[in-house]
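Peer 1: Sequence lines, in order, name chains L and E.
Those letters in the first sequence? Residues 1 to 497, per my numbering, in order.
Those letters in the second sequence? Residues 1 to 440, per my numbering, in order.
There's no promise every hint is true.
[Stated by the list, open to error] Below, simulated SDA-like cross-link-like pairs (lysine to any residue); rule was C-alpha separation at most 20 angstroms, straight line:
hint, chain 1, residue 1, chain 2, residue 2
1, L, 197, L, 124
2, L, 497, E, 264
3, L, 464, E, 224
4, L, 441, E, 156
5, L, 464, E, 195
6, L, 32, E, 44
7, E, 305, E, 342
8, L, 134, E, 336
9, E, 401, E, 87
10, L, 32, L, 107
11, E, 364, L, 83
12, L, 447, L, 489
13, L, 464, E, 87
14, E, 136, L, 287
15, E, 419, E, 429
16, E, 305, L, 136
17, E, 283, E, 420
18, E, 437, L, 140
19, E, 260, L, 252
20, L, 479, L, 433
21, E, 336, L, 140
22, E, 312, L, 140
23, L, 81, E, 305
24, L, 441, E, 264
25, E, 370, L, 76
[Said to hold, decoys possible] Covered stretches of chain L, going by a simulated chain E footprint (3 or more residues, C-beta under 8 angstroms):
hint, segment
26, 47-56
27, 72-86
28, 105-113
29, 124-134
30, 297-303
31, 372-382
32, 463-471
Don't read these hints as lab results, they were simulated from the structure.
All of these numbers come straight from a predicted model, not from anything done at the bench.
Ideal placement from N, C-alpha and C gives every residue a C-beta, glycine not left out.
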Amino acid sequence: MFKKIISLLLLAFLLFGCSNMKDENLVLYPVKDDPTISFKIWFKVGSQNDPKGKEGLAALTAGLLSEGATKNNSYDQILEKLFPLAAGYSCNSSVEMTIFNGRVHKDNLDEYYPIFIDALLNPAFKEEDFNRIKQRTLNYLNTTLKYSSDEELGKAVLYNDIFDGTTYGHITIGTISGIESITIDDVKEFYNKYYSKNNFVIGLGGGYDEALINRLKNDLAKLNDLQVEEIGKPQPEKIDGLNFTLIEKEAPATAISMGFLIDLVRGSKEWYALAVANSWFGEHRNSSSHLYQIIREERGLNYGDYSYIENFPNGGSYQMPPTNVPRRQQIFEIWIRPVPNETRQFVLRTALRELQMLVDNGMTKEDFELTRNFLKKYVLNFAKTTSSRLGYAIDDKFYGIDGSHLELFRKMMDEITLEDVNNAIKKHLQYDNMKIAIITKDAESFKNNLAANTTSPIEYSTPKPESVLEEDKNIIDYKLNIDQNKINIIQVEELFK
Amino acid sequence: MLKKLILLFFIFAFNMNAQNKVFPYDYKQVTLDNGLSVVLIPMNSPGLASYYTIVRTGSRDEVEEGKTGFAHFFEHMMFRGTEKYPGPVRDSIVTSLGADGNAYTTDDRTVYYLSFAAEDMERIMELESDRFQFLKYSEQDFQTEAGAVYGEYRKNITNPFMVLFETLHSTAFDKHTYRHTTMGFVEDIKIMPQQFEFSKKFFNMFYRPDNIVLLIVGDIDTDKTLEMVKQYYGNWKSGYVQPDIPLEPKQNGLREKEVKFQGRTLPLIVISHKGDAFDINNKDIFAASLFEDLAFGETSEIYKKLVLNEQKVQFVSADFGFNRDPGLLSVYSMIKNENDIDYVKNEINSTLEKYKTELVDSKKLNDLKKRMKYSFLMNLDSPSSVASALPTYLTYVPDMKIIDQMFEVIDTITPEDIKNAVNKYFGEEQRTIVTLKGGM
Chain L
1 MFKKIISLLL
11 LAFLLFGCSN
21 MKDENLVLYP
31 VKDDPTISFK
41 IWFKVGSQND
51 PKGKEGLAAL
61 TAGLLSEGAT
71 KNNSYDQILE
81 KLFPLAAGYS
91 CNSSVEMTIF
101 NGRVHKDNLD
111 EYYPIFIDAL
121 LNPAFKEEDF
131 NRIKQRTLNY
141 LNTTLKYSSD
151 EELGKAVLYN
161 DIFDGTTYGH
171 ITIGTISGIE
181 SITIDDVKEF
191 YNKYYSKNNF
201 VIGLGGGYDE
211 ALINRLKNDL
221 AKLNDLQVEE
231 IGKPQPEKID
241 GLNFTLIEKE
251 APATAISMGF
261 LIDLVRGSKE
271 WYALAVANSW
281 FGEHRNSSSH
291 LYQIIREERG
301 LNYGDYSYIE
311 NFPNGGSYQM
321 PPTNVPRRQQ
331 IFEIWIRPVP
341 NETRQFVLRT
351 ALRELQMLVD
361 NGMTKEDFEL
371 TRNFLKKYVL
381 NFAKTTSSRL
391 GYAIDDKFYG
401 IDGSHLELFR
411 KMMDEITLED
421 VNNAIKKHLQ
431 YDNMKIAIIT
441 KDAESFKNNL
451 AANTTSPIEY
461 STPKPESVLE
471 EDKNIIDYKL
481 NIDQNKINII
491 QVEELFK
Chain E
1 MLKKLILLFF
11 IFAFNMNAQN
21 KVFPYDYKQV
31 TLDNGLSVVL
41 IPMNSPGLAS
51 YYTIVRTGSR
61 DEVEEGKTGF
71 AHFFEHMMFR
81 GTEKYPGPVR
91 DSIVTSLGAD
101 GNAYTTDDRT
111 VYYLSFAAED
121 MERIMELESD
131 RFQFLKYSEQ
141 DFQTEAGAVY
151 GEYRKNITNP
161 FMVLFETLHS
171 TAFDKHTYRH
181 TTMGFVEDIK
191 IMPQQFEFSK
201 KFFNMFYRPD
211 NIVLLIVGDI
221 DTDKTLEMVK
231 QYYGNWKSGY
241 VQPDIPLEPK
251 QNGLREKEVK
261 FQGRTLPLIV
271 ISHKGDAFDI
281 NNKDIFAASL
291 FEDLAFGETS
301 EIYKKLVLNE
311 QKVQFVSADF
321 GFNRDPGLLS
331 VYSMIKNEND
341 IDYVKNEINS
351 TLEKYKTELV
361 DSKKLNDLKK
371 RMKYSFLMNL
381 DSPSSVASAL
391 PTYLTYVPDM
401 KIIDQMFEVI
411 DTITPEDIKN
421 AVNKYFGEEQ
431 RTIVTLKGGM
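This is chain L alone, in the form it adopts within the complex (with noise of 0.2 angstroms):
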């Protein structure tokens, strides 16, 4: 045991253990050995910025970065010119960060700083690229979201309700009217204000060596000099009961996304108290997920479903948690996959109900100490590679974390107790006040029934155990208290605008 203990202290240093912050604006995480380097530019500057009717402005302006011209190259030259060094760049804007990114081999650092710095530092803006990224936005929002994922499209409006009238109240990459306001002047602006030299930080990782970071500090020094004034922390409105914004659209299953503010970001005890009682309620796409184990293992309902402390942005897409999109404000969110229409006020009850049972209940010992030995271990899967302990540096530093938050976390889960993480679940999380996003069709039907508190009987095409038919009893009448007029119907073509 003794020896477990060492080698996995061992191991929690070997991967989380050396980085490095010298410099208040500088984040490096050297590994000697690797044969590569990766870059993470990090500009303080997000959706958050977006002027009012321009949202979607920083993620343009980050498009616009990553796939266009330079006054030295067309974008198809660089493309030429990154092609045999199997190397690229790119840029990528959340609510509150910006990471100018790059990876590339040692052997082709030479050939390859040159178009990477090129690229921030002396972008054309041509209306050519402009227009094309313009476009492909405008067609994510118009058609993709609103009808390829009907997910990604419950978990949208559930942040656009959740902040709305604030900073975060659109989604990064912006709204109809506002991208189509932008104008390729408004992208040059934007950049010349927030691309400055007193806005960013420089990220680096893996081989690189002392030279590479006086290079690219002289070369950032040429951004200007403006100042940027720092933007404060969303205010939004207290959430009063359950709120629901039903989507109306030919779908051939529901998807439901509901959630509420939580005052309370990753660093402090509390924050991993919580994340224990968040793994074991809903563990992104693990099947150790409560949720998951009660609606889709025991009753076939759906593909899975999961909470969450912190945004995570397309999850359909990954395992491990993303770097690089911080937020000041989070929500806890609860993310059931589509379900058969049928059963969509059944799956909903189901839910809250089990949210309540873990708030009034709070974790048993067993359950705790599974989970905490659970995401000893696990947490060392969030970041395997150099780029993505980078990634993870650079949050620490957003977050004011001294030290790295995945060793803290693994430090923590053998500090906190059970009545460390049931205080913290009594705390922050509850199930009265919330907005619930649902994605459906003949929505007035179903507002008919929320607001009536109608039963919802479930019948399985197939036989279920008597322990989970006896549960159903309980849950098809579980009584939530719904005020209609806090149900809000709204037509996916208009979303977004």
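Following the hints, position chain E against chain L.
Peer 2: Chain E alone, transformed into the frame defined by chain L:
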């Protein structure tokens, strides 16, 4: 999908000239008496290991009428436990080990994988060997899981690409099992709950050691691990029998189909041609794979024209990857304006025609080889990335030597070889075109 194929392709393409060796890590490969192929790859990855069980069975093997989608469905059942470790007990142990595990199914294979702390190797092996030999589930569990599979189908079908793939495969193939996607025909998915008895037969047919490759990568001692493998898998009885997969008759003419998508989407097209089965002695399949990037990649002429200059399409890309049986070589595009559909089809066909007479640029071909070299080096950075790169090839030939052999072939490919392959594969008589338009 395309990117993944390209990545897999690159991963093995380097190093032959430099070190006369494709793969940078030493490995140990053994076939047990019962036919189980075992590949052990130690690498410097402090405390981490990846464990892949590759079943050389996918939707290709679903030869029985009304049983399409079964390989994928069975992937779900493999998590339902055994007598010794019933589902919830197994889940609880895997949870306590903090392992990251999952599985996926393709047309040619079903792959189960776990990443975990290497010190837990024996516990993981005990669990994995147990479920592959002694899987046991109730009819109720079976029926419930069928519901989850139907849920997965419902989730997928809201994506227009899924509808496009379904239509493409059912149009291009008449007899071969590639005529359905891995999910299966929806009418078969709906009746899956009734197939309990068949599921046991399926397990006995395909989940046999002589149809499986066990691949373990990471912080391992190969000798000790091999002993462990012998202990836990040695008594497993062989008995795999290759199913009788119908041969696809030669296509004798252009096939075209238009399909409506329920939701809104920009039009999608796919232009596909019949390829050959994976065969190390067939240089043409490797030449076609290289042609994919040269003719339709981000630096290709058609990409510059349609995506960057004229901006008529959202994307154009190709997938000329490999299959165990003769599959499809496909070019995809999403078109911004319905009126341009014929124009884009014509541009794609013209590109194919052009290279029937012209040679690809030899500098570009060399650049592609350099690109392969560095992609290879850059992407082998964790046990899971090494392990995840191998199943495609080990499914075709369960022997690591295939990788060296394959890239010896690739290294010799010339512009003339590519021209020959283009002439061989991209004739109109073996072409299938599917056009998908939004329904609103």
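Peer 1: Check the structure against each numbered hint from earlier and tell me which ones fail, lowest number first.
Peer 2: 3, 9, 26
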